[in-house]
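Undergrad: In order, the protein sequences belong to chains A and B.
Its first residue numbered 1, the first sequence is counted upward by one per residue in the working numbering.
Its first residue numbered 1001, the second sequence is counted upward by one per residue in the working numbering.
Treat each hint with caution, since some may be false.
Far from chain A by the CB rule (all over 10 Å, computed), these chain B residues [as the list claims (entries may be wrong)]:
#, residue
1, I1016
2, G1039
3, W1042
4, V1053
5, S1097
6, F1103
7, L1131
8, A1176
9, D1190
10, G1204
11, S1233
12, R1343
Residues from chain B shown here face chain A by an in silico Cβ test under 7 Å; the list is partial [said to hold, decoys possible]:
#, residue
13, T1032
14, F1080
15, V1133
16, V1137
17, M1145
18, I1152
19, I1280
20, A1281
Quick caveat, the hints were computed from the structure, so don't treat them as lab data.
Predicted model, so just to flag it, every value in this text is computed and none were measured.
Even glycine gets a Cβ: it sits at the ideal position worked out from N, Cα and C.
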Amino acid sequence: MSTVVPEVASAPPPVRGRAYERLRGRYWLVIVGAIVVVSAVRMITNADDVTSANTIRAAILSACPILLAGMGGLWSERAGVVNIGLEGQMLLGTWGAAYFTYWYGPWVGLLGAAAFGAIGGLLHGIATITFGVDHIVSGVAINIIGLGATQFLAEAYFSDLENGGPRQLTGLDPLPYLTFPHLSDWLITLNGHHWFVISDVAGFLAALTARVSVLTVIIAGIVVLTTWLLWHTSFGLRLRSCGESPAAAESLGVNVYRYKYIAVTVSGALAGLGGAFLALVASSGFVTNQSGGRGYIGLAAMIFGNWQPGGTVGASLMFGYTDALRLRTPSAVHALLLLVAIGLLVYSAVRFWRKHRTSGIVMGVLGVAFLLWYLLTDTVPREFTGMTPYVVTLLVLSLASQRMRMPAADGQVYRKGSAG
Amino acid sequence: MNILRRIAFALLAPVIAVAIAMAVTSVVIIATGSDSGIGDFWKIILSKPDDRVLVDIVNQTSMIYLSAVAAAVGFRMGLFNIGVEGQYTTASFAAASFAGAAFLPGFLNVIVSLLIAVVVGALWAGIAGILRVTRGVSEVISTIMLNAIAGILVGYLIDRYGIHGGNSVRTKVIPAGSQVGGWSPFTSADGQVWTLGLLAVLVGVGFWVLLNRTTFGFDLRATGTSRTAAVASGIKVNRMILASMLISGGVAGLIWMPAFFGDAYSYGTTFQAGLGFTGIAVALLGRNQPLGMVFGALLFAFLTAQSNSLTLLTDISASVVQITQGVAVLAVVVAYELVRRYRVRLEQHAVAGAPVVAEEVAA
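Isolated chain A, as found in the complex (with noise of 0.2 Å):
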């Protein structure tokens, strides 16, 4: 996704050796300082609803199909193709891994969703790669066709089924579940008591201990392989040459229009496990359009987290935390305004430090702003909450969108033999 205008994308290298290591200091330092905060907030507001073991469960319920659309969208915009037919890729697997799982149980459930988003995502490749369409319109075809598939398959199937009906199928086998129960228990008392910066970590691990769903576990060792795969073997190295320069990757010998193919196939696998995820653990069967618009979120998130699988992560994260917190009390939705303005005002203090007025200024401006907010009202509507992750990410990307990188030949048509 050409976030950023091609003149000003001229980043640095990336860091590595002495310079790599302080960064990821740096890091543990930011994860610190956030979890003090978000500790000291729910004690001046009495929000406990913020860091309690129920919403971290449920942010992390809606936060993992983002996750899986925004690694799918990793892997293809890697390769060079951008894939904004991850919405229908998704729809695809929420249709597919109802459809096997009823038949054939759930695990086979969870290779069907997969295999239907693969199918989505390589129609995206034929077009895209062979056939050299341009890779957004190939998207929004495919979303198209992605919606109208899913509902005339479940019409199709599900209408006669025992539980089903022409928009929906229930009652599916469930995924197993991960409970270590006595570490749960004890860390859910711990989160119960309130006291500053322990309980609010006893409550994100509380959210990691009970009920965690096998597929939770599983996206978690994929964002892994796929950091892994990319970054450290030869053949990310490869598919990411193929995203980065086709022309200079083809010259060395490696096979331009292979590696992208994978690259897209895997993308909408990845988005049709996100589909599975909404089928069968974050709900309690398939409806027609579950996915909602989480395909273009995950794209967003894969963006805002500056096309890296940690960025990513945490945006994913971001996204889902503001939405799991919509459903919950309306204190703890008060409490967001406090910690938004915090937020705003401690990246404004970073800006000045960094020399930028501007965005300091525009900044802590919005930090007053909302720091007003929270001090003038007493609660906040439900729907400003959902808007939040959208709203920060524009203004994120109108801040960052100058330092953000992404692969150079990401969304250009390549044909074979350019390389000449």
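With chain A held as given, fit chain B onto it using these hints.
TA: Just chain B now, with coordinates in the frame of chain A:
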């Protein structure tokens, strides 16, 4: 001869695409093994529409066409305004709220409401335009975000300020004096062709004039064809981006207005969502050409309207036409690319003085 050949080439791709779309649809229906045969399906889809359905097709065509033009204004200069959906949602809500408040009498109310729709749609698109021009944020991602924000924002506003009744909520109904009905070609039970559907004709002609008879249109097409060449020839690309985003959003604001003043009279459950994405598909199908999009809009409206009788007469789901529509869009872009490559080959052959196959193709 040359003209014949050009027409043949222009028609080749759409004809191939529609044929592929029909073939894929047939395969899908046969593969899922419905009780009603494939013959029944095409008989129903290709039958002469009822009077009521005809009226519906005309009305839908006008709205889809407006949406397609909105998308095409951006597409023609390589700008992907995916946000038509959000732009016409906010614009429709703003216009409906203003019209419902009835500050102005009768016809004046309609005019000002239409203007408000245009302005709000343009402003909503303008956010993406400004972010693109000043901060380098891709319009694809910002318009996707703005679509989501628009949906939530309008949902909130209507919940807060709308009129609640039963399970639904809507804006105030506009006074009878401000309703713009239409013309009943058949009996009144068959519905009316909305007068404001003429907006589509106006916008279509306006789009053609803008593209082909103004400097702005020339700059627009030049920028879309080659940005570097445009910059070199002194076109201010940033201004073009902002202007075309505003025009695109302004046109998007009008999309739902024929239905609003002709039939719905208030914004609520009657609002027809999804037209923004349909418009994008139709713009692609019609090659962003003023005339091509007319056929595209007609095809989409026709398929959707005809599919409604499928549910009554067969066990085939009406959503199968969405597969037809999506495949048609994909097939048409692929077909254009193939025809283009074929033409390039023919030209190369012609230049090389090889025996020309082109004569047979053109005939």
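Undergrad: Mind verifying the non-interface call on S1233(B)? Its CB should be farther than 10 Å from each CB in chain A.
TA: holds (18 Å)
Undergrad: Does the CB of T1032(B) sit less than 7 Å away from some CB of chain A?
TA: OK, holds: T1032(B) within 7 Å of chain A, min 4 Å.
Undergrad: Just to be careful: measuring from the Cβ of M1145(B) to every Cβ in chain A, is the smallest value less than 7 Å?
TA: holds (4 Å)
Undergrad: Far enough from chain A: is every CB of that chain over 10 Å from the CB of W1042(B)?
TA: Holds, because the least Cβ-Cβ distance between W1042(B) and chain A comes to about 16 Å, which exceeds 10 Å.
Undergrad: Closer than 7 Å between Cβ atoms is the bar; does V1137(B) clear it against chain A? Give me holds or violated.
TA: holds (5 Å)
Undergrad: For the hint on F1080(B), just tell me whether its beta-carbon gets within less than 7 Å of chain A.
TA: holds (5 Å)
Undergrad: For F1103(B), is the shortest beta carbon distance to chain A beyond 10 Å?
TA: holds (27 Å)
Undergrad: The hint names V1133(B) as touching chain A; please verify it with the least Cβ-Cβ distance against 7 Å.
TA: violated (9 Å)
Undergrad: Under the criterion of a CB-CB separation shorter than 7 Å, is A1281(B) in contact with chain A as hinted?
TA: holds (6 Å)
Undergrad: Minimum Cβ separation between R1343(B) and chain A greater than 10 Å?
TA: holds (14 Å)
Undergrad: Does D1190(B) sit more than 10 Å from chain A, CB to CB?
TA: For D1190(B), whose nearest Cβ neighbour in chain A is about 28 Å away, the distance exceeds 10 Å, so it holds.
Undergrad: Against chain A, does A1176(B) hold up as non-interface, every C-beta pair farther apart than 10 Å?
TA: At roughly 33 Å from the nearest Cβ of chain A, A1176(B) sits farther out than 10 Å, so the non-interface label holds.
Checked against the numbered hints given earlier, the structure breaks hints 7, 15 and satisfies all the rest.
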